[in-house]
Amino acid sequence: FSEFISTLKFNKRLTFNLSPKYLFSGVDNIGTLGISSNLNLLKSLSVITEANIGLSDNSESNNTFAFRYSYSPDKSLDLYATNAVGLSDIGQFLKSDDYKFGIKLNFIF
11 FSEFISTLKF NKRLTFNLSP KYLFSGVDNI GTLGISSNLN LLKSLSVITE
61 ANIGLSDNSE SNNTFAFRYS YSPDKSLDLY ATNAVGLSDI GQFLKSDDYK
111 FGIKLNFIF
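Numbering (the working numbering), first residue to last: 11 to 119.
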């Protein structure tokens with residue numbers, strides 16, 4: 011699995027990310043292109059949108075929408091809705107039949 015994240019900071023409030031993802035396996039190889047934005051509404055509240063566009067026959071396009079509350083510089087909480095199978099790694103390559111809603115805790119060490 012490989013992912014190369016490129017970030018463009020447009021201004022203090024808006025950031026764009028471009029992240030091509032590819033999985034090399036003995037059975038088949040799959041790839042997606044992730045495009046996301048992060049809009050800071052307040053000092054501690056932001057809106058994050060992401061779309062993963064399938065680039066191969068085995069990958070499927072999906073999207074995620076989240077509100078992030080940062081309660082310290084290294085800790086945050088996400089409330090999200092997604093139709094991806096998972097929020098990280100291989101789960102970003104596949105689309106679920108329905109949307110999932112959840113909470114995600116983030117820690118930077």
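Read the hints as simulated data drawn from the structure, not as lab findings.
Any given hint could be a false lead.
Unchecked claim - With a straight-line cut-off of 27 Å between C-alpha atoms, the simulated BS3-like cross-links for lysine-lysine are: (1) Lys53 <-> Lys85; (2) Lys110 <-> Lys85; (3) Lys53 <-> Lys114; (4) Lys22 <-> Lys114; (5) Lys85 <-> Lys22; (6) Lys114 <-> Lys85; (7) Lys110 <-> Lys22; (8) Lys22 <-> Lys53; (9) Lys19 <-> Lys53; (10) Lys105 <-> Lys53.
Unchecked claim - Computed beta-carbon distance windows for the label pairs: (11) Ile118 <-> Asn68: 31 to 37 Å; (12) Asp84 <-> Val57: 32 to 38 Å; (13) Lys53 <-> Leu97: 30 to 36 Å; (14) Ser66 <-> Asn21: 33 to 39 Å; (15) Asp84 <-> Ile63: 26 to 32 Å; (16) Asp84 <-> Ser35: 30 to 36 Å; (17) Asp108 <-> Lys85: 16 to 22 Å; (18) Lys85 <-> Ser35: 30 to 36 Å; (19) Lys22 <-> Ser82: 18 to 24 Å.
Only a predicted model underlies this, so the values are computations on that prediction, with no experimental measurement involved.
All C-beta atoms, glycine included, are put in the ideal place defined by N, C-alpha and C.
Earlier hints that do not hold, by number | Hint check: 7, 10, 12, 13, 17 fail, others pass.
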